[in-house]
Amino acid sequence: MTGPLLQVRNLSVDYLLDKGVFNAVKNVSFNIGRGELFGLAGESGCGKSTIAYAITRLAKPPAWVAGGEILLDGHDLLGMTERALQTVRWKRIGMVFQSAMNSLNPLMRVEAQFHDVLSRHTGCTREKSRARAKEMFRLVGIPTDRLSNYPHQFSGGMRQRIVIAICLALSPELIIMDEPTTALDVVVQREILEQVVDLQKSHGFSVLFITHDLHLMAQICHRIGVMLKGELVEVGDVRQVSRAPVHDYTKRLWGAIPNLPTLGSMQGRLA
Amino acid sequence: MNAIPDPVRAATADVSPVIALENITRSFGLVHALRGISFSLVPGRALALVGESGCGKTTCARIIARMDRPTSGTMLFRGNDVTAIGSGAQERAYRRAVQMVFQDPFASLNPVFSVGHHLVRPLKLHGHVQGRKGATDRVDTLLESVGLDPILTAHKFPHELSGGQRQRVNIARALAVQPEVLVADEPTSMLDVSIRLGILELLSSIKRERNLALLYITHDIATAAHVAEEIVVMFAGQMVEWGETTSVITDPRHPYTKLLLSAVPDPYKPFVPGDSARFLQHAEEIRCVSRPTSDGVEKVGSNHFVRTLGEAA
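Chains L and Z supply the protein sequences, listed in that same order. Each step along the first sequence adds one to the number in the working numbering, with nothing skipped, and position 44 is 44. Each step along the second sequence adds one to the number in the working numbering, with nothing skipped, and position 8 is 8.
Here chain L stands alone, though its shape is the one from the complex:
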């Protein structure tokens, strides 16, 4: 139990297109340690989400994993039977997707969606899952009397928190967050991610955090990997990647982000 929680070794994912094979992920290797916040950055289309889908084995044709290994605690996820995989998904690896609006079922009360996940994986009764749901709502700071509401009755930020709460209900070891706050405004984004950092500290799970916003990533992650066209071009400690990036692309990515201008630069520009 001392090795890294997740090891991705020489992972390649291809997409079969009309024109032939497109290598979306090329020979990517990285580790995520226990209790580590690992970030994967890169522009859209660079393969970062494809990796997330490969880890949970949600990659569907025309995508397929062409090679490599994904080891969770030393067990290869890619070689697992579908049945064995069901004991891993949600229970050990949770996932939070980009569009919170779409990841909850609009026809079910939030409470029922908790029960759905909990009864499926732990076989617990309605009373038990209600108690757990209440506990989770308190954790993410939503009044527990709103458990009987439908998703549309919540704001976007609250819905994303509910998804995170459902994810945490089974105490997974790894949570994959694919652009969890891209659709939200900066204040709400900050609120949610501060909570994630807190919960990570108190619960000790690992996080794979995927975003194109390097600034944000540098604020919350311990280690960062930068992807370019399917290849992992740089992996390093957050301090190193943000202060002394080695790869040329990482430097350019830093330079491309609209920053809050300083007083001096603004006066120069608007003069």
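Derived from the structure by calculation, the hints contain no laboratory data. As the structure is a computational prediction, the values presented were derived from the model and not from experiment. Treat the hints with caution; some may be incorrect.
[As the list claims (entries may be wrong)] Cut-off 20 angstroms, straight-line C-alpha distance, at most; resulting in silico cross-link-like pairs (EDC-like, lysine to aspartate or glutamate): (1) L:K251 <-> L:E43; (2) Z:K156 <-> Z:E201; (3) L:K251 <-> Z:D81; (4) L:K19 <-> L:E36; (5) L:K229 <-> Z:E160; (6) L:K251 <-> Z:E244; (7) L:K201 <-> Z:D275; (8) Z:K269 <-> L:D18; (9) L:K128 <-> L:D116; (10) L:K91 <-> L:D73; (11) Z:K299 <-> Z:E244; (12) L:K19 <-> Z:E160; (13) Z:K269 <-> L:D237; (14) Z:K269 <-> L:E111; (15) Z:K156 <-> L:D18; (16) L:K251 <-> L:D237; (17) L:K201 <-> L:E36.
Fit chain Z to the known structure of chain L by using the hints.
The following block gives chain Z in isolation, referenced to the frame of chain L:
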């Protein structure tokens, strides 16, 4: 921007506004989406409207683009009152003058038509070109002006373009009408961080070259500072702080503006575990004090105004 009638400024202002909103309100039932919005758009200048989702920025844009009507207040176009619907000719003139670029570059182009078609339509509808040759030439110049290669792009279909390229086509389409006012509603929020800057620079250069009045709507105060000379920070349908961008950003006075600025991701300030409860409470307190309606406005700089905090209802 003359949110408050200011005789000194009005007298020295060299250009008159194209569009002016005066005390605009909009209610949807019990929800007051806009409360007393007043600002004006001036040729060659950009105004940024900043605020969280649901604060009323898009409602403002829809009213200016005439997709919605205010509940009360006055809207002036070149000094004439256009609050009520005018004759067909007047409406056409207005729509020719005011064009919009939408948030979602993937949904705002018709997938079955080529890029060329998207640009020829507005050119013909507004009578800017005659004949096929003239149209192709104009399409080429338009594409060049937004930084796309006409030979490679004109015959392509939307699905063959990236998000950034699509947004450029949307900007070209708006420009085809030869507008005086461009309303850009979150034009970069669905785009990758790495290509946002390019689109923002394009908007700025178009504004300068064509002397356009630009209304830039965003929730990202950092990008607003890149594009706009003037900024309006909105919260819960009210303008809480407005004025010259430099002044507002470097010397924010309203608690909500301060909150917004503090939440901009800063890579050199990592989150401290255990801090979330404090930040959440802080944000909620600021929302509570910023929400009540208030009529008080304080002038804190030559062009920098702050709304005083209202009494809790």
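Hint check:
1. L:K251 <-> L:E43: Given pair K251 (chain L), E43 (chain L) holds - Cα atoms ~13 angstroms apart, limit 20 angstroms.
2. Z:K156 <-> Z:E201: violated, 24 angstroms
3. L:K251 <-> Z:D81: violated, 51 angstroms
4. L:K19 <-> L:E36: Outside the cut-off at roughly 40 angstroms; violated.
5. L:K229 <-> Z:E160: Answer holds: K229 (chain L) to E160 (chain Z) is near 18 angstroms, not above 20 angstroms.
6. L:K251 <-> Z:E244: Distance of about 32 angstroms is beyond 20 angstroms: violated.
7. L:K201 <-> Z:D275: Within the cut-off at roughly 11 angstroms; holds.
8. Z:K269 <-> L:D18: Measuring from Cα to Cα gives roughly 46 angstroms; hence the hint is violated.
9. L:K128 <-> L:D116: holds, 12 angstroms
10. L:K91 <-> L:D73: holds, 14 angstroms
11. Z:K299 <-> Z:E244: holds, 12 angstroms
12. L:K19 <-> Z:E160: At roughly 14 angstroms apart (the allowed maximum being 20 angstroms), E160 (chain Z) and K19 (chain L) satisfy the hint.
13. Z:K269 <-> L:D237: holds, 15 angstroms
14. Z:K269 <-> L:E111: violated, 37 angstroms
15. Z:K156 <-> L:D18: Answer holds: K156 (chain Z) to D18 (chain L) is near 18 angstroms, not above 20 angstroms.
16. L:K251 <-> L:D237: holds, 15 angstroms
17. L:K201 <-> L:E36: With a Cα-Cα distance of about 9 angstroms, the restraint between K201 (chain L) and E36 (chain L) holds, given a limit of 20 angstroms.
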